[in-house]
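Chemist: Work out the full structure, taking the sequences as your base and the hints as a guide.
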Amino acid sequence: AVPTIEFHGLCVASVRTSMWNQHKLIYGPSCDSECPCASNLRSICDTVRSDFRINNAPEKTKDLEGKVGFLDYFYKFYYPEVESEFPSLRPQEVFDKVVALW
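Note that the sequence shown covers residues 1 to 102 in this note's numbering.
In case anyone wonders, no lab produced these hints; they're calculated from the structure. What you are looking at is a predicted structure, and each value in this text was computed from that prediction instead of being measured. Just so you know, nobody snuck in bad clues.
Below, simulated BS3-like cross-link-like pairs (lysine-lysine); rule was C-alpha separation at most 27 Å, straight line:
1) K97 / K24
2) K76 / K24
3) K76 / K97
The following label-pair restraints were derived from C-beta to C-beta distances:
4) F77 / N55: 27 to 33 Å
5) W102 / W20: 21 to 27 Å
6) P87 / I54: 35 to 41 Å
Even for Gly, the Cβ is constructed at its ideal location relative to N, Cα and C.
Modeler: Spelled out as structure tokens, the structure:
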């Protein structure tokens, strides 16, 4: 959901690759239903724009600074709210609820 919401217009495969590389640095090379990565998407997405700039021609990166605001505003506010409302949910389930609110 994050590649298509926050980074629309960028190649989804490139976004996912960048996010996965960050995930491996932070959490390791596996991601199961107990992985806390969904609660820390900001860190996982930190390098997406810079990775895209490195791997693409300048004319493809001209509109890169435009942000939807899902991660910086919506997710940042609602993830903790949903998590406190549903404490038994796993991080991915909380994230799914936040996306459904979006």
